[in-house]
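Going down the list, the protein sequences come from chains V and F. Under the numbering used here, think of the first position of the first sequence as 1, with each following residue one higher. Under the numbering used here, think of the first position of the second sequence as 113, with each following residue one higher.
Source of the hints: derived by calculation from the structure; they are not laboratory data. Please note that the accuracy of each hint is not assured.
To be verified - Calculated lysine-lysine pairs in the DSSO-like style (CA-CA distance at most 27 angstroms, straight line): (1) 154(F) / 57(V); (2) 169(F) / 180(F); (3) 11(V) / 170(F); (4) 154(F) / 180(F); (5) 180(F) / 134(F); (6) 169(F) / 154(F); (7) 149(F) / 225(F); (8) 70(V) / 57(V); (9) 225(F) / 169(F); (10) 149(F) / 11(V); (11) 180(F) / 149(F); (12) 225(F) / 170(F); (13) 149(F) / 169(F); (14) 225(F) / 70(V); (15) 149(F) / 57(V).
Stated by the list, open to error - Residues of chain V placed beyond 10 angstroms of chain F at every Cβ, according to the derived structure: (16) 20; (17) 22; (18) 41; (19) 49; (20) 68; (21) 79.
For every residue, glycine included, the Cβ atom is placed at its ideal position computed from N, Cα and C.
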Amino acid sequence: DAGITQSPRHKVTETGTPVTLRCHQTENHRYMYWYRQDPGHGLRLIHYSYGVKDTDKGEVSDGYSVSRSKTEDFLLTLESATSSQTSVYFCAISAARDSPLHFGNGTRLTVT
Amino acid sequence: GENVEQHPSTLSVQEGDSAVIKCTYSDSASNYFPWYKQELGKGPQLIIDIRSNVGEKKDQRIAVTLNKTAKHFSLHITETQPEDSAVYFCAASTGGVTGGGNKLTFGTGTQLKVEL
Numbered sequence: 001d002a003g004i005t006q007s008p009r010h011k012v013t014e015t016g017t018p019v020t021l022r023c024h025q026t027e028n029h030r031y032m033y034w035y036r037q038d039p040g041h042g043l044r045l046i047h048y049s050y051g052v053k054d055t056d057k058g059e060v061s062d063g064y065s066v067s068r069s070k071t072e073d074f075l076l077t078l079e080s081a082t083s084s085q086t087s088v089y090f091c092a093i094s095a096a097r098d099s100p101l102h103f104g105n106g107t108r109l110t111v112t
Numbered sequence: 113g114e115n116v117e118q119h120p121s122t123l124s125v126q127e128g129d130s131a132v133i134k135c136t137y138s139d140s141a142s143n144y145f146p147w148y149k150q151e152l153g154k155g156p157q158l159i160i161d162i163r164s165n166v167g168e169k170k171d172q173r174i175a176v177t178l179n180k181t182a183k184h185f186s187l188h189i190t191e192t193q194p195e196d197s198a199v200y201f202c203a204a205s206t207g208g209v210t211g212g213g214n215k216l217t218f219g220t221g222t223q224l225k226v227e228l
């Protein structure tokens with residue numbers, strides 16, 4: 001594994017509650033990404049970071065926010081969870097802007 | 113934006129046979145094409161990648177071919193084994209040229225089953 005830890009691994013929450021997912025890396029890579037995986041859609045980019053405090057939106061960013069205060073941590077927050085955000089969330093890292101991405105083992109989130 | 117289509121969605125082969133998975137992409141600026149293998153309960157694992165300045169790349173039983181003119185690329189697995197059974201994803205990106213890192217657009221995946 002590429003030194004990526006996602007927490008929690010599983011979470012069940014209720015509609016309307018805030019949720020924060022954490023991605024922690026030990027590789028000192030500059031770039032970090034959040035993807036969601038849903039049947040029939042593959043993986044879709046939510047947000048990404050190109051450095052501490054530098055983040056930008058991906059393809060499916062509505063309803064999500066991110067923060068990166070340290071190189072090793074990238075947080076994904078659902079301000080008010082909805083059932084459509086039930087998914088498996090994957091964090092990925094890459095060393096440089098054109099380097100391969102390496103993924104963590106995911107967080108399965110269920111919003112009831 | 114980029115759109116990646118992947119076929120077939122499921123593929124069943126006999127052990128020892130070859131398996132081929134095909135993807136097409138829409139953005140002519142894309143220049144990086146990785147393939148990932150995902151086992152149940154795990155994250156996608158990079159198995160091979162190719163850049164647009166190369167037409168073919170091999171790594172033991174795995175090979176990837178790229179046709180830039182037709183905008184398609186394929187994964188070839190020879191001498192398949194039961195442990196090759198997994199979901200395979202193709203992806204494409206501009207390789208960070210447009211800034212902000214290597215933002216991949218994924219296909220929808222192929223469930224490969226290798227039968228004994």
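Each hint tested on the structure:
1. Only pairs whose Cα atoms come within 27 angstroms are accepted, and residue 154(F) paired with residue 57(V) is accepted, the gap being roughly 25 angstroms.
2. Pair hint residue 169(F) plus residue 180(F) holds up; C-alpha atoms about 14 angstroms apart against a cutoff of 27 angstroms.
3. For the suggested pair residue 11(V) and residue 170(F), the alpha carbons sit about 40 angstroms apart, so the restraint of at most 27 angstroms is broken.
4. Distance restraint check for residue 154(F) and residue 180(F): the Cα-Cα separation of roughly 31 angstroms exceeds the 27 angstroms cut-off, and the hinted pair is therefore not satisfied.
5. Under the criterion of a C-alpha separation no larger than 27 angstroms, the hint pairing residue 180(F) with residue 134(F) is consistent with the structure, at around 14 angstroms.
6. A hinted pair counts as satisfied when its Cα atoms are at most 27 angstroms apart, and residue 169(F) with residue 154(F) qualifies at roughly 26 angstroms.
7. Under the criterion of a C-alpha separation no larger than 27 angstroms, the hint pairing residue 149(F) with residue 225(F) is consistent with the structure, at around 13 angstroms.
8. Straight-line distance between C-alpha atoms of residue 70(V) and residue 57(V) comes to about 19 angstroms, which keeps the hinted pair within the 27 angstroms bound.
9. For the proposed pair residue 225(F) and residue 169(F), the alpha carbon gap of about 23 angstroms is at most 27 angstroms, so the pair holds.
10. This hinted pair checks out: residue 149(F) and residue 11(V) have alpha carbons roughly 25 angstroms apart, not beyond 27 angstroms.
11. For the hint linking residue 180(F) to residue 149(F), the alpha-carbon distance of about 23 angstroms falls within 27 angstroms, and the restraint holds.
12. Taking the CA atoms of residue 225(F) and residue 170(F), the gap is near 22 angstroms; set against the 27 angstroms cutoff, the hint holds.
13. Under the criterion of a C-alpha separation no larger than 27 angstroms, the hint pairing residue 149(F) with residue 169(F) is consistent with the structure, at around 17 angstroms.
14. Note on residue 225(F) and residue 70(V): the hinted pairing is violated, with a Cα-Cα distance of about 41 angstroms set against a maximum of 27 angstroms.
15. For the suggested pair residue 149(F) and residue 57(V), the alpha carbons sit about 26 angstroms apart, so the restraint of at most 27 angstroms is met.
16. The beta carbon of residue 20(V) is kept farther than 10 angstroms from every beta carbon of chain F, the shortest such distance being approximately 19 angstroms.
17. Against the 10 angstroms criterion, residue 22(V) stays outside the reach of chain F, whose nearest CB is about 15 angstroms from its own CB.
18. Distance to chain F contradicts residue 41(V) as a non-interface residue, since its nearest Cβ pair spans about 6 angstroms, not more than 10 angstroms.
19. In this structure residue 49(V) is not separated from chain F by more than 10 angstroms, as the shortest Cβ-Cβ distance comes to only about 8 angstroms.
20. Every beta carbon of chain F lies more than 10 angstroms from that of residue 68(V), the smallest distance being close to 12 angstroms; the non-interface claim holds.
21. The beta carbon of residue 79(V) sits about 23 angstroms from the closest Cβ of chain F, which is more than 10 angstroms, so the claim that it is off the interface holds.
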